[in-house]
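Novice: Based on the hints, put chain F in the right spot on chain V.
Chains as they are written, first to last, in my numbering: chain V, 1 to 187; chain F, 1001 to 1120.
Calculated from the structure, these hints are not laboratory results.
Model, not experiment: these values are computed from the prediction.
C-beta atoms are modelled at their ideal positions from N, C-alpha and C, and glycine is treated no differently.
Watch out, some of these pointers could steer you wrong.
[Said to hold, decoys possible] Pulled a few chain F residues facing chain V out of the computed Cβ check, cut under 8 angstroms: (1) A1021; (2) N1024; (3) V1039.
[Claimed, not checked] A few chain F positions that, by computed beta-carbon distances, are all more than 12 angstroms from chain V: (4) A1022; (5) L1057; (6) A1059; (7) L1061; (8) V1064; (9) A1066; (10) G1072; (11) R1076; (12) D1110.
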Amino acid sequence: MRPTVRTSGVQDAELAKRAQRGDRDAFGELVVRYAGQARRVARAILASPDDADDAAQDGFLAALRHLDRYDPVRPFGPWLIRIVANAAMDRRRRRRVRQTEALSPVTPSVDPGPAQVTDRRAFHAALRAALERLPERQRAAVVLFDVEGYSHREVARMLDVPEGTARSDVFHARRALRKVLAAWREW
Amino acid sequence: MNEHSAFDHERDDRLGDVLRAALNVPSEDLFIRRVLVRVTEPLTWWEVLGGWARPGLAAALLLVAAAGFWLGRTVRTGDPTVALEEMLSASAGNGTMTALLSSARPPNVDVLFASTNGNE
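Next up, chain V with everything else stripped away, as it sits in the complex (with noise of 0.2 angstroms):
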């Protein structure tokens, strides 16, 4: 089912032309380029893993149905992503999502030991906890920025605020953060 190597190499504007044209295959490439990044972005604004990947999976859905409005002059990354957040925080308007702080599984690349592991699935959700406390727009702008390297303006875009807005919710999200956060020993 995943797209063939054929298009491993190809930049995205190319497959999302390629996409355009009818080729599910090339965007078959892109799901597979930016699933991480979609998931890690819906699960900021929604918590819940579940929620989170029915989210992304909607964003990429609505991003295929209207590729038409995709402008291949620009970056694919931000055009796609905006739409997923989109995905993500009208799913959480439209139902109170329950607090479910499942501790997700870590998959490090050394075998710890138990303590260390349940060390470091506390932290994860200490800082998943933290995150959750914080608005909407914030975790939103903070994931985009520190985790997903995106630029001021390309999050200020994506969230449909100016840059200046865009820059106080990462400085706002960043110092609450680091205060929660302070007190862990692996901060």
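Specialist: Just chain F, lined up with the frame of chain V:
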């Protein structure tokens, strides 16, 4: 605590890395497969309807505009029964049509035919 200023223009790698680890959701392959199945399957009926929504709306607006225009013209031209009377009197110069309409008896088909054909 690290030394980054909260207003830094640059990415805070350390915060970014711990957030990434906390937000990563396992089983990415499963997710990708799930989306690809949806991407390659045929459109559902509501997606097809959704695609028609915009042209459908445009067509409906066009119809409403056309109906409004037609109605406006009809109202401006006055009572349509006047036009009917004019037509009847024009087609029944010999009085057959008037007799036909004022009579209490049912019409004779031959007479009716003759009157509508100009009694040729």
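Novice: For each hint, tell me whether it holds in the structure or not.
Specialist: Hints, verified against the model:
no. : hint  : in the structure
1   : A1021 : holds (6 angstroms)
2   : N1024 : holds (7 angstroms)
3   : V1039 : holds (6 angstroms)
4   : A1022 : violated (4 angstroms)
5   : L1057 : holds (17 angstroms)
6   : A1059 : holds (20 angstroms)
7   : L1061 : holds (21 angstroms)
8   : V1064 : holds (27 angstroms)
9   : A1066 : holds (29 angstroms)
10  : G1072 : holds (37 angstroms)
11  : R1076 : holds (43 angstroms)
12  : D1110 : holds (66 angstroms)
The structure fails hint 4 only (numbered hints given earlier).
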